[in-house]
Amino acid sequence: MLKKSIINSELIHNNLTKIYLILILLGTFLVRLIPSRNLAIAGNDAHLHHDLVMRISEQGFGVISSSPLSLMGLSPYGYPPFYHIIGTFLYETFHSQLVFFILPPILGVASVFVFYKLSQELFDNSNAELLSTLLFAFVPAFVTRTSVFIPESLGILLFISIAYFLVKYTKSVPGYENLDNFSLRDMLKIFSGNYKYLLYALLIFAIYLFTHRGWIFMALVVLILIITFLIPSFKKKPVTFSIIFVLIGLVLLEFVSIVARFQQEPVTILGFPKWLGVLQLALGLYGIVLFLKSKNSLYKFLALWAIIFMIIGTYSFRFRDPYAAIPLTLMAGYVFAYVLLPKINGISIFKDYKLFKRNFGSTLKTILLLILILIPVAQGAAIAYSDVAQPTANEMSAFKLIQYETPLNATILTTKDNAYFLIGNTHRKDVALWKTVYEGFMGEAPSIAETVATQKDVDTMLGTSQENEAYYLMETYNVSYVYVSKAMYDLPSSDGIITYMPFDTHFKTIFVSGDASVYQYISNPTLKSPGAELNSNSTNNSEYNKSIKFIEEFWNGYAYSENGGAYLEDSLLDLEFGGIYKGNYELNSQIAVLYSHMSQSSSADLNNRSEYLINWLNYKQMENGSFPTSIPPEEYTIATMETIYPLMNVDNKTGNIYNKENKTNIISKGLVFVDNMTGKENINISNIQKPRNNVLGPDYLTMKTNAQVSGMNPSGKEKIIANVLKQQKEDGSWTLQSYQNIEILKGLCLYYDSTKDQNVLNSIKKGSKWLSENQNSEGMFKDDGDPTIYGINHYSDAVLVYYTTENKNSMQKTLNYINHSNLDADINPLKSYLTLISDLSLIYGEDTAIKMANEIL
Numbered sequence: 095m096l097k098k099s100i101i102n103s104e105l106i107h108n109n110l111t112k113i114y115l116i117l118i119l120l121g122t123f124l125v126r127l128i129p130s131r132n133l134a135i136a137g138n139d140a141h142l143h144h145d146l147v148m149r150i151s152e153q154g155f156g157v158i159s160s161s162p163l164s165l166m167g168l169s170p171y172g173y174p175p176f177y178h179i180i181g182t183f184l185y186e187t188f189h190s191q192l193v194f195f196i197l198p199p200i201l202g203v204a205s206v207f208v209f210y211k212l213s214q215e216l217f218d219n220s221n222a223e224l225l226s227t228l229l230f231a232f233v234p235a236f237v238t239r240t241s242v243f244i245p246e247s248l249g250i251l252l253f254i255s256i257a258y259f260l261v262k263y264t265k266s267v268p269g270y271e272n273l274d275n276f277s278l279r280d281m282l283k284i285f286s287g288n289y290k291y292l293l294y295a296l297l298i299f300a301i302y303l304f305t306h307r308g309w310i311f312m313a314l315v316v317l318i319l320i321i322t323f324l325i326p327s328f329k330k331k332p333v334t335f336s337i338i339f340v341l342i343g344l345v346l347l348e349f350v351s352i353v354a355r356f357q358q359e360p361v362t363i364l365g366f367p368k369w370l371g372v373l374q375l376a377l378g379l380y381g382i383v384l385f386l387k388s389k390n391s392l393y394k395f396l397a398l399w400a401i402i403f404m405i406i407g408t409y410s411f412r413f414r415d416p417y418a419a420i421p422l423t424l425m426a427g428y429v430f431a432y433v434l435l436p437k438i439n440g441i442s443i444f445k446d447y448k449l450f451k452r453n454f455g456s457t458l459k460t461i462l463l464l465i466l467i468l469i470p471v472a473q474g475a476a477i478a479y480s481d482v483a484q485p486t487a488n489e490m491s492a493f494k495l496i497q498y499e500t501p502l503n504a505t506i507l508t509t510k511d512n513a514y515f516l517i518g519n520t521h522r523k524d525v526a527l528w529k530t531v532y533e534g535f536m537g538e539a540p541s542i543a544e545t546v547a548t549q550k551d552v553d554t555m556l557g558t559s560q561e562n563e564a565y566y567l568m569e570t571y572n573v574s575y576v577y578v579s580k581a582m583y584d585l586p587s588s589d590g591i592i593t594y595m596p597f598d599t600h601f602k603t604i605f606v607s608g609d610a611s612v613y614q615y616i617s618n619p620t621l622k623s624p625g626a627e628l629n630s631n632s633t634n635n636s637e638y639n640k641s642i643k644f645i646e647e648f649w650n651g652y653a654y655s656e657n658g659g660a661y662l663e664d665s666l667l668d669l670e671f672g673g674i675y676k677g678n679y680e681l682n683s684q685i686a687v688l689y690s691h692m693s694q695s696s697s698a699d700l701n702n703r704s705e706y707l708i709n710w711l712n713y714k715q716m717e718n719g720s721f722p723t724s725i726p727p728e729e730y731t732i733a734t735m736e737t738i739y740p741l742m743n744v745d746n747k748t749g750n751i752y753n754k755e756n757k758t759n760i761i762s763k764g765l766v767f768v769d770n771m772t773g774k775e776n777i778n779i780s781n782i783q784k785p786r787n788n789v790l791g792p793d794y795l796t797m798k799t800n801a802q803v804s805g806m807n808p809s810g811k812e813k814i815i816a817n818v819l820k821q822q823k824e825d826g827s828w829t830l831q832s833y834q835n836i837e838i839l840k841g842l843c844l845y846y847d848s849t850k851d852q853n854v855l856n857s858i859k860k861g862s863k864w865l866s867e868n869q870n871s872e873g874m875f876k877d878d879g880d881p882t883i884y885g886i887n888h889y890s891d892a893v894l895v896y897y898t899t900e901n902k903n904s905m906q907k908t909l910n911y912i913n914h915s916n917l918d919a920d921i922n923p924l925k926s927y928l929t930l931i932s933d934l935s936l937i938y939g940e941d942t943a944i945k946m947a948n949e950i951l
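Its first residue numbered 95, the sequence shown is counted upward by one per residue in the numbering used here.
Keep in mind the hints are simulated off the structure, nothing from the lab. In this text the structure is predicted, and so the values were computed from the model without any measurement. Where is the CB? At the ideal position from N, CA and C, for every residue including glycine. Possibly wrong hints are sitting among the right ones.
Okay, the calculated beta carbon distance ranges per label pair [unchecked claim]: (1) Ile782 - Lys820: 23 to 29 Å; (2) Leu463 - Leu296: 56 to 62 Å; (3) Thr882 - Phe155: 23 to 29 Å; (4) Tyr661 - Asp825: 30 to 36 Å; (5) Phe155 - Leu667: 51 to 57 Å.
Cross-link-like lysine to aspartate or glutamate pairs, in silico, EDC-like; alpha carbons within 20 Å at most [what the hints assert, rightly or not]: (6) Lys622 - Glu569; (7) Lys860 - Glu900; (8) Lys774 - Asp793; (9) Lys523 - Glu569; (10) Lys850 - Glu900; (11) Lys820 - Glu775; (12) Lys510 - Asp553; (13) Lys622 - Asp699; (14) Lys863 - Glu824; (15) Lys510 - Asp139; (16) Lys510 - Glu569; (17) Lys550 - Glu533; (18) Lys859 - Asp825; (19) Lys863 - Asp825; (20) Lys387 - Glu271; (21) Lys602 - Glu569; (22) Lys389 - Glu271; (23) Lys523 - Asp553; (24) Lys580 - Glu663; (25) Lys389 - Asp280; (26) Lys643 - Glu940; (27) Lys494 - Asp511; (28) Lys774 - Asp825; (29) Lys211 - Asp139; (30) Lys860 - Asp847; (31) Lys813 - Asp769; (32) Lys640 - Glu940; (33) Lys640 - Asp918; (34) Lys580 - Asp699; (35) Lys602 - Glu717; (36) Lys643 - Asp920; (37) Lys523 - Glu538; (38) Lys859 - Asp847.
Kindly produce the complete structure, drawing on both the sequences and the hints.
See the structure below:
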């Protein structure tokens with residue numbers, strides 16, 4: 095038994111290198127499965143290439159371009175198809191989407207194995223070979239490119255294979271160990287190697303031409319190898335060889351023109367440790383210093399390769415990721431084995447560190463080495479988990495709608511970055527990406543000028559504030575839908591089309607989910623703009639005319655919307671304070687009712703505008719009955735209820751019943767949506783947000799939705815209101831912020847007005863007391879300005895709360911504060927003005943409310 099154990103131990107020791115290599119390859123494979131952990135296509139480009147394979151599978155290989163320049167990627171926007179052909183054969187063979195998840199990691203493992211063979215040619219040290227391989231296997235940029243279904247996952251394997259045979263050839267050249275052997279005429283010795291290795295390299299290069307444009311990087315690597323052997327000659331004849339280097343520089347300039355389509359984004363210094371790896375970069379940079387001093391031609395070549403690709407990598411990250419990582423990690427492995435390990439072994443604490451009479455020195459050394467080894471592994475795994483893009487569930491819902499509810503030939507306008515996910519998941523056509531990828535892959539590749547012009551037109555369509563310019567270009571490109579992602583609100587184009595689509599009748603909202611919105615473009619809408627704003631002297635009532643004059647300042651040609659506004663990048667704050675969503679359906683509903691009331695003073699213009707707004711609301715209401723709001727838009731339940739609520743009460747306020755059919759349609763559809771959002775004890779915040787339970791206290795948005803929706807539509811809401819009352823604290827508040835308590839209390843006031851529920855009134859009285867204690871002597875709430883300045887609408891709602899509880903002192907103090915406020919400086923002046931009229935109407939009636947509201951104009 096002892097003998098057998100000794101034999102097994104010797105067997106493991108003799109095969110340690112193989113065991114370590116197998117572990118590295120296994121880790122390589124497993125880490126590359128992380129991005130596809132949910133069995134969903136990950137990565138922007140992967141969606142595109144998956145879509146290309148599916149198109150070939152469905153339509154046949156005839157869809158691939160027959161242009162030689164496109165097939166080899168020699169045209170600026172031509173795309174080699176070999177990888178897609180392999181993907182198609184595998185998909186047709188196995189009939190499984192797993193092909194797209196498994197193929198890239200397998201190619202990544204193959205690349206790491208070839209890299210190991212390359213390191214064996216360079217180093218005669220198993221530690222250096224294994225450490226180089228380990229460091230390269232988990233380079234973040236390499237991990238991401240061999241985790242997802244893109245041609246580069248095969249291209250990197252071909253690239254490293256060519257590099258392997260170039261090194262084999264160089265080693266077959268006599269005297270390669272000393273560059274000084276290649277001075278002047280002796281440089282011709284570089285042609286005395288074993289040509290079979292060059293032949294192998296050329297055969298792989300031929301495949302590379304039809305796989306990925308990365309062959310251009312390999313051409314530059316070959317040029318760097320030649321330059322390396324010119325260095326000794328330059329030292330002896332600097333003038334002559336300076337001319338040669340100038341000529342090489344001209345070749346490089348031509349090379350830059352060839353790769354003009356590559357991303358030319360300057361990268362930050364932090365991008366280098368992130369994408370090359372912290373440990374790989376640190377050891378690699380030290381390796382550059384050592385290898386530049388070396389006489390060995392291959393070592394000098396590696397140093398120059400890393401330097402040149404990292405420098406160009408500051409101009410275009412494609413040179414850095416991962417092609418600069420190949421020489422860098424080779425040198426890093428060398429430094430780890432020949433410099434770092436000896437230094438660690440020489441540290442005294444690792445030789446003799448006694449604790450409890452036992453020597454823990456070797457244990458400490460092992461722990462340190464494990465930490466150093468795990469750093470690149472952990473970084474590679476972390477990048478694979480977090481930095482490979484995937485569409486969100488809400489974006490996927492938008493894509494499914496487009497896939498199943500739009501024509502197959504639909505063209506969709508969006509940004510180029512969004513188009514990867516869009517095309518890959520909907521199999522539809524966009525404008526920019528279709529031009530830069532699909533035309534070259536399936537037909538004649540466009541020129542750089544054509545793609546630049548198309549991208550400029552896309553930017554114009556998305557960014558112009560001139561609607562007619564956008565319409566013209568959209569019809570030119572046959573655009574029928576617009577897809578808006580959450581990220582687009584951070585772009586300069588956020589002041590363009592995404593601003594006016596919510597109110598412009600050329601667009602109908604067909605989907606919103608917070609993360610994504612889809613609009614249908616209608617070139618000839620049935621509802622036309624009624625023209626300019628109304629005359630402020632439309633009535634014989636001076637107070638009405640003041641009100642009309644103010645409201646008409648917010649006319650946008652189709653409806654009324656807040657001017658300006660801010661994107662606060664917080665869903666709660668944007669819903670409460672933001673003003674850049676220009677649909678403002680609830681405000682237009684209030685204006686329709688207000689103008690209807692004013693039109694009784696014999697004004698046909700006001701009545702016509704009121705009728706138009708009802709038609710507009712009916713036109714803009716989504717099929718499920720909702721009215722979206724906020725940025726990014728969601729189907730908030732409270733927004734829909736706020737829109738239909740004024741219309742539900744209009745007949746009780748005036749005898750002027752207009753456009754009965756559309757008004758009834760708006761209300762009935764809206765109530766269906768609200769009912770669908772309503773549960774037994776809570777109401778959904780929106781179509782994607784359920785009621786929330788906050789361990790730190792009541793969730794404001796849940797409480798506000800429950801209170802205000804119940805207040806405007808009280809039937810059957812007893813349990814929901816009881817739930818709101820249960821969340822109230824002993825001091826009368828629900829949350830720490832005044833505006834939040836005001837809005838919850840407003841909902842309760844509306845509910846009490848309809849039901850006269852005494853428990854609700856008691857709750858309002860407790861809350862009213864808390865509010866009054868949080869106002870200063872001038873009526874300003876003490877936390878006004880935190881997190882942002884309150885609107886007059888919040889103070890107006892507080893007046894309603896004080897009126898309901900008969901707190902006359904606080905009510906008058908708050909009215910005085912409102913009267914001394916500057917409406918022009920309000921965060922949402924139109925909302926504040928209309929809210930003031932609405933709240934005061936409940937107290938004093940419409941005409942008195944209008945007169946009081948006009949005092950702050």
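Could you work out which of the previously given hints the structure breaks and list their numbers from low to high? 2, 3, 28, 29 and 34
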